[in-house]
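Going letter by letter, the sequence shown gives residues 355 to 494 in my numbering.
Some hints could be false.
In silico DMTMM-like links for lysine to aspartate or glutamate, alpha-carbon gap of 25 Å or less [what the hints assert, rightly or not]:
#1 452 x 425
#2 427 x 399
#3 427 x 406
#4 452 x 463
#5 427 x 397
#6 452 x 429
#7 452 x 384
#8 427 x 449
#9 452 x 397
#10 452 x 418
#11 427 x 384
#12 427 x 439
#13 427 x 358
#14 427 x 469
#15 452 x 469
#16 452 x 462
If you're looking for bench data, these hints aren't it; they were derived computationally from the structure.
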Amino acid sequence: MNSDAAFIVSCILQVLGFAAMISHIGIFRDYRRLRNLARHGVEGEAVSTAQDYAGAGQYRVQYEVRLADGESKAEFHALQRVMAELGTVVPVVYDRTKPQRAKTGFLEDINYRPDQLSVFVFGYGGVAAYLMGVVLLVLS
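With the sequences and hints as input, model every part of the structure.
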């Protein structure tokens, strides 16, 4: 393969790999958060403290996780289709090391598997394509 063709293939691999990585940043972040909650999460309770309209028929509800006495206050927000009354107690799953990364619901309801294939194919595949493009550029 001559150097011009290698340069073009390298650029295409880098652009496609970079685009795949960037397009899956949000999915990767949610996948990691849910996977960590499924592995290390504990069930507890949270109290709604504030709410506002987030758009598209959803409300952003601010919750405060009820932790043991003496621990610092931890808050998180959740997008919901219905407006919750202030002071409503809901079940929550949180990580003891980072309780601000919480999710309303129960531990058995957490399912991160649907995003797993997408993260592996596009996220990690994008990293591999980008690195192959860089290696090809260096070697040509």
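Do the hints match the structure? See the list:
{"no.": "1", "hint": "452 x 425", "in the structure": "12 Å, holds"}
{"no.": "2", "hint": "427 x 399", "in the structure": "13 Å, holds"}
{"no.": "3", "hint": "427 x 406", "in the structure": "21 Å, holds"}
{"no.": "4", "hint": "452 x 463", "in the structure": "20 Å, holds"}
{"no.": "5", "hint": "427 x 397", "in the structure": "16 Å, holds"}
{"no.": "6", "hint": "452 x 429", "in the structure": "10 Å, holds"}
{"no.": "7", "hint": "452 x 384", "in the structure": "15 Å, holds"}
{"no.": "8", "hint": "427 x 449", "in the structure": "14 Å, holds"}
{"no.": "9", "hint": "452 x 397", "in the structure": "13 Å, holds"}
{"no.": "10", "hint": "452 x 418", "in the structure": "13 Å, holds"}
{"no.": "11", "hint": "427 x 384", "in the structure": "23 Å, holds"}
{"no.": "12", "hint": "427 x 439", "in the structure": "20 Å, holds"}
{"no.": "13", "hint": "427 x 358", "in the structure": "59 Å, violated"}
{"no.": "14", "hint": "427 x 469", "in the structure": "31 Å, violated"}
{"no.": "15", "hint": "452 x 469", "in the structure": "22 Å, holds"}
{"no.": "16", "hint": "452 x 462", "in the structure": "19 Å, holds"}
In summary, the numbered hints that this structure violates are 13, 14.
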